[in-house]
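Novice: Spelled out from the first residue to the last, the chains are:
Protein chains: 2
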Amino acid sequence: MSPRPGLGLVATQHAVVATPEHPLRLTDGGVLRHVEVAFETYGELAAARDNVVLVAHALTGDAHAAGHHGDPARRGWWDNLIGPGRPIDTDRFFVVCPNLLGGCRGTTGPSSVDPATGRPHGPDFPELHVADLVAVHRRLLDHLGIGAVHAGVGGSLGGMQLLQWLADEPGRLQRAVLVAATARLTAENIGFSSVAREAITADPDFHGGRYAEHGVVPARGLKVARMMAHITYVSAQGLEEKYGRDGIEGYLQHQGEAFVRRFDANSYLVLTRLLDRFDPFADPAFAAAVASGDPRVLAISFDSDWRFGTAHSRFVVDELAAAGQEVAHHELASPWGHDSFLLRPPGYHELVADFLRS
Amino acid sequence: MSPRPGLGLVATQHAVVATPEHPLRLTDGGVLRHVEVAFETYGELAAARDNVVLVAHALTGDAHAAGHHGDPARRGWWDNLIGPGRPIDTDRFFVVCPNLLGGCRGTTGPSSVDPATGRPHGPDFPELHVADLVAVHRRLLDHLGIGAVHAGVGGSLGGMQLLQWLADEPGRLQRAVLVAATARLTAENIGFSSVAREAITADPDFHGGRYAEHGVVPARGLKVARMMAHITYVSAQGLEEKYGRDGIEGYLQHQGEAFVRRFDANSYLVLTRLLDRFDPFADPAFAAAVASGDPRVLAISFDSDWRFGTAHSRFVVDELAAAGQEVAHHELASPWGHDSFLLRPPGYHELVADFLRS
Numbered sequence: 001m002s003p004r005p006g007l008g009l010v011a012t013q014h015a016v017v018a019t020p021e022h023p024l025r026l027t028d029g030g031v032l033r034h035v036e037v038a039f040e041t042y043g044e045l046a047a048a049r050d051n052v053v054l055v056a057h058a059l060t061g062d063a064h065a066a067g068h069h070g071d072p073a074r075r076g077w078w079d080n081l082i083g084p085g086r087p088i089d090t091d092r093f094f095v096v097c098p099n100l101l102g103g104c105r106g107t108t109g110p111s112s113v114d115p116a117t118g119r120p121h122g123p124d125f126p127e128l129h130v131a132d133l134v135a136v137h138r139r140l141l142d143h144l145g146i147g148a149v150h151a152g153v154g155g156s157l158g159g160m161q162l163l164q165w166l167a168d169e170p171g172r173l174q175r176a177v178l179v180a181a182t183a184r185l186t187a188e189n190i191g192f193s194s195v196a197r198e199a200i201t202a203d204p205d206f207h208g209g210r211y212a213e214h215g216v217v218p219a220r221g222l223k224v225a226r227m228m229a230h231i232t233y234v235s236a237q238g239l240e241e242k243y244g245r246d247g248i249e250g251y252l253q254h255q256g257e258a259f260v261r262r263f264d265a266n267s268y269l270v271l272t273r274l275l276d277r278f279d280p281f282a283d284p285a286f287a288a289a290v291a292s293g294d295p296r297v298l299a300i301s302f303d304s305d306w307r308f309g310t311a312h313s314r315f316v317v318d319e320l321a322a323a324g325q326e327v328a329h330h331e332l333a334s335p336w337g338h339d340s341f342l343l344r345p346p347g348y349h350e351l352v353a354d355f356l357r358s
Numbered sequence: 001m002s003p004r005p006g007l008g009l010v011a012t013q014h015a016v017v018a019t020p021e022h023p024l025r026l027t028d029g030g031v032l033r034h035v036e037v038a039f040e041t042y043g044e045l046a047a048a049r050d051n052v053v054l055v056a057h058a059l060t061g062d063a064h065a066a067g068h069h070g071d072p073a074r075r076g077w078w079d080n081l082i083g084p085g086r087p088i089d090t091d092r093f094f095v096v097c098p099n100l101l102g103g104c105r106g107t108t109g110p111s112s113v114d115p116a117t118g119r120p121h122g123p124d125f126p127e128l129h130v131a132d133l134v135a136v137h138r139r140l141l142d143h144l145g146i147g148a149v150h151a152g153v154g155g156s157l158g159g160m161q162l163l164q165w166l167a168d169e170p171g172r173l174q175r176a177v178l179v180a181a182t183a184r185l186t187a188e189n190i191g192f193s194s195v196a197r198e199a200i201t202a203d204p205d206f207h208g209g210r211y212a213e214h215g216v217v218p219a220r221g222l223k224v225a226r227m228m229a230h231i232t233y234v235s236a237q238g239l240e241e242k243y244g245r246d247g248i249e250g251y252l253q254h255q256g257e258a259f260v261r262r263f264d265a266n267s268y269l270v271l272t273r274l275l276d277r278f279d280p281f282a283d284p285a286f287a288a289a290v291a292s293g294d295p296r297v298l299a300i301s302f303d304s305d306w307r308f309g310t311a312h313s314r315f316v317v318d319e320l321a322a323a324g325q326e327v328a329h330h331e332l333a334s335p336w337g338h339d340s341f342l343l344r345p346p347g348y349h350e351l352v353a354d355f356l357r358s
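Chains as they are written, first to last, in the numbering used here: chain A, 1 to 358; chain B, 1 to 358.
Be aware that one or more of the hints could be misleading.
The list treats identical chains as interchangeable, and a pair is accepted whether it falls inside one copy or across any two copies.
Straight-line alpha carbon distances no greater than 25 Å define the calculated DMTMM-like cross-link-like pairs of lysine to aspartate or glutamate that follow [unchecked claim]:
1. LYS242 - GLU36
2. LYS242 - ASP50
3. LYS242 - ASP279
4. LYS242 - ASP276
5. LYS242 - GLU331
6. LYS242 - ASP89
7. LYS242 - GLU257
8. LYS242 - ASP79
9. LYS242 - ASP168
10. LYS242 - GLU169
11. LYS242 - GLU44
12. LYS242 - ASP354
13. LYS242 - ASP91
The hints are simulated quantities; they were obtained by calculation from the structure and are not laboratory data. None of these values were measured; they are calculated from a predicted model.
Modelling step: build the complete structure from the supplied sequences, incorporating the hints.
Specialist: Spelled out as structure tokens, the structure:
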């Protein structure tokens, strides 16, 4: 059953972290009385419980970060980074990768059944903040008996969650690697998000978010949303070299159609809205809280990333520096745009490996 | 009736340039047996007919380039550039601005009635090339008794048309100003086009392009297409400064809704497809033909234009230089992205004015 010797992956696991007796109170005042989290782990937890690495996934990722479940073609999204002898070395670390609250890949989200009504939350799923995503994962670590975490590693929205961790529970994450992350989306970022949401909600099959009860999904809108978003994940050069003028249309069609099969439209709305709202340094107490935990922070950005590029990482670093915190920032050359965090541009994996050993 | 003293605008005019006896044979083999062109003129044609400036509009522009037709709030799209004492000086030049074949603003296009069937061409409108757009405007100038043209001035697709003019009738355009133009879209450009087309054709109200017969328009898809395209017309900095994180969503909604009221979906499909196909320098004879006409060419690009930026202009200039033609190229600083060609970044209007006087 072990898909790779030494990886230590068994199967995707599930844990209940909120119940009617111990509900999850959300930042905006909403309450969730049942929250289940899907997660995977790799490697072995040390007896001293001091070798934990938390992997935080991006907008449309999931708990399946490494290895495979029987089909070697379906390896985890960060399989190149996690494993025996890899930068997140499962010979040494116990890696936990949980799926996000609000998503649709095993953790409670809009497509989950609301126990109060017996039907999917759908559009009634409460609005979330990044802090709510983090709250669920903090409960998961509590549930697993894990206190301090050696390091958190995340790309894009994954990095944003780790930043929030640092302020919400100073000291618990001893190190954080924020890859292609941001602390504040630009108007352009939000513009693309809003077009994606328009495509989804204007689809006649959206039915105000109650599409599940109509036995349909807003496939047309979700496909358009993903096709557009995908362009923003790749650099112009990357699109040219990989697909070219003749191949790009078919490639985007394929991307859009594959996405519709695996992702829920209401989840996409909830998660993009929380991305758009994220602006933690607007409160000066945020940077001060992070600094009080004295974490080691490594920010990595990629020069061709026009979604959350170097200016975004620099903003995070400058804000933390202003609070007296030392943060390392590396801009790496990579032709692949925002998606570089999933690939292996020169120097990237070495930076992560060295930092985790520090 | 004169909206501005000296502008010489009377009203939008119309001319028939193809008839069953004198049909328009298209590049791809299609035939149009009735083509009408909407155009405006400004200034006075000199007795020697040697003071003509042809203004070529962009993808969603129209013949109404300057002045107004009674409502001062509805000035032409290049009103800042055209008029008495302006860079395209109507005290000196006779300016002709015709609407595009395939469009929907007065010149024959998919929404025009096909005389052969008595119903709109709709999706049966033939596929076009830039050369077909130019062929119609060449016929218009013939019709107006205009031979040589002092200068053509166009931005974006307008500039692309002028480039085609230079090869299709070498010598007729004595000067060309290509602003924020391209001779070859990138994979990224085509990617955005293809998402826009997907949004339109997937709208259930599209009805395979026969929406007019159903009494509807694919408004949802066309709105999404325009919202997305609009982001690509403006720089990230421009969006930040003009609208900001809080204003961008409402602004894009407004842009999308206004566009649906004035533009036809089938026209958008035909025109974006011809943009995507344009690649004239793939044929070495093209550059040689342009050079044989020995035109003076001025290319202008804007540093924040991430649609048809400086690399696009440089490609045109390099191709023409390789054919022995001298071309001036200026990259101007402007924070407004591709839309800069409609605005007035420092130095831009002066370059155009000087070049037209040369």
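Novice: Now tell me, hint by hint, if it's right for this structure.
Specialist: Okay, the hints, checked on the actual structure:
In the homo-oligomer, the alpha carbons of LYS242 and GLU36 never lie at most 25 Å apart, since the shortest distance is 39 Å inside one protomer and 43 Å across protomers. Taking CA atoms no more than 25 Å apart as the test, LYS242 paired with ASP50 passes in neither setting, with 42 Å inside one copy and 49 Å between copies. In this assembly of identical chains, the alpha carbons of LYS242 and ASP279 lie at most 25 Å apart only when taken from different copies (19 Å versus 34 Å within one copy). Taking the shortest alpha-carbon separations for LYS242 and ASP276, only the inter-copy value of 18 Å comes in at or below 25 Å, while the best intra-copy value is 30 Å.
In this homomeric assembly, LYS242 and GLU331 come within 25 Å of each other (Cα to Cα) only inside a single copy, at 23 Å, whereas the closest approach across copies is 29 Å. Within a single copy, LYS242 and ASP89 get their C-alpha atoms no closer than 30 Å, and across copies no closer than 47 Å, so neither meets the 25 Å cut-off. Taking identical chains as interchangeable, the C-alpha atoms of LYS242 and GLU257 lie at most 25 Å apart only when both belong to the same chain, with a minimum of 19 Å there against 35 Å between chains. When the C-alpha separation of LYS242 and ASP79 is checked against a cutoff of 25 Å, the pair qualifies only within one copy, where the shortest distance is 21 Å, while the shortest distance between copies is 42 Å.
Taking the closest pair of Cα atoms, LYS242 and ASP168 never come within 25 Å of each other, the shortest separation being 41 Å inside a single copy and 34 Å across copies. In the homo-oligomer, the alpha carbons of LYS242 and GLU169 never lie at most 25 Å apart, since the shortest distance is 42 Å inside one protomer and 37 Å across protomers. In the homo-oligomer, the alpha carbons of LYS242 and GLU44 never lie at most 25 Å apart, since the shortest distance is 38 Å inside one protomer and 52 Å across protomers. Taking the closest pair of Cα atoms, LYS242 and ASP354 never come within 25 Å of each other, the shortest separation being 31 Å inside a single copy and 43 Å across copies.
Proximity of LYS242 to ASP91 under the C-alpha cut-off of 25 Å is found in neither arrangement, the shortest distances being 35 Å within a copy and 52 Å between copies.
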